[in-house]
Amino acid sequence: MKEKLQVSTNPHIRDKWKTNNIMSLVVIALMPTTIFGIWNFGWYAALLIAVTIASAVISEWLFCKIIKKKSTIKDMSAVVTGLLLALNFPPHLPLWIGILGGAFAIIVVKMLFGGLGQNFMNPALGARCFLLISFAKYMTDFTCDAYTGATPLTALKTGETVNVLDMLIGTTGGTIGETSMIAILLGACFLIIMGVIDLRIPGMYILTFAVFVLIFGGRGFDLSYLSAHLAGGGLMLGAFFMATDYVTRPITKKGQYLYGILLGILTGVFRIFGPGAEGVSYAIIIGNLLVPLIEKVTLPKPFGKGGEKA
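In short: position in the sequence shown from 1, add 65, done, that's my numbering.
Bear in mind the hints are in silico, worked out from the structure with no lab data behind them. Where hints are given, some of them may not hold.
[Claimed, not checked] Derived DEER-like restraints, expressed as beta-carbon distance ranges: (1) Lys133 to Thr226: 54 to 60 Å; (2) Phe178 to Ser199: 36 to 42 Å; (3) Ser136 to Leu358: 32 to 38 Å; (4) Asp206 to Pro365: 15 to 21 Å; (5) Ile132 to Ile257: 20 to 26 Å; (6) Gln183 to Asp263: 22 to 28 Å.
[Unchecked claim] PhoX-like cross-link-like pairs, simulated, lysine-lysine; straight-line CA separation at most 25 Å: (7) Lys361 to Lys318; (8) Lys134 to Lys202; (9) Lys202 to Lys139; (10) Lys361 to Lys319.
Glycine residues also receive a C-beta, built at the ideal position from the N, C-alpha and C atoms.
Model the full structure from these sequences, guided by the hints.
So, in structure tokens, the structure goes:
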């Protein structure tokens, strides 16, 4: 063997990007949907977003202070968690729930498992699912001054027709950050151009979900029905901004494709066969829990092991 192989401890994959650089880019990418959400739902939405972010940042700072650990708030991950969580809130959610959600996301889902890089599920979605279970009445109340009817996906599930163009633009009811497909895709394109994410997971997620809806949706090849499902709910926000989370996604390319397929199937099952109109949050959380298994079956064999015999 002519080459010298250097053995070192992990991590073995390094990159020029620092955590705060990546998180700052994610915040920038979320600005179109954040600004549109505030314009769409009013000043209270801005206050709710600010309070939730502040809760997440303060919770991380206090936790580090209590356990006498160097503060990690400068890496911007708490800001991203608080912002993503707030964008998944109804526009008139009580502020105290935003404060509780921000604290739960950081302390319970993130810091108690070792902090950034150690959490086994997306903190924002973990907190959202906790709040959905604990305060379903508040978390599913999307009535506001501008929109008093059912959300588009709820109307679609009951057999009503919806305006897909309104869903693309975002002039509909829903959570603060999910309504405008155009605003979400603008941010997603920015992340792709900057090299923060790629299309493996979101592409397979959306494609698999679309095929599932066409097969099991009961409407046949109805492109209007499919478009409404793609534009409605948190599908695009979840696919591009939460399913691609570096910590909770598989690290292998094959695993990422498999992960995207799994998320598409789970979301389709929840939306088409489940009692609710959504399903993205639970699909990604379940996917997070299955990542170790996905990596186990997709990791390449170590050098010198598992080779075929001559």
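Legend entry - Enumerated hints in conflict with the structure, sorted upward: Hints 2, 4, 5, 8 and 9 contradicted; others consistent.
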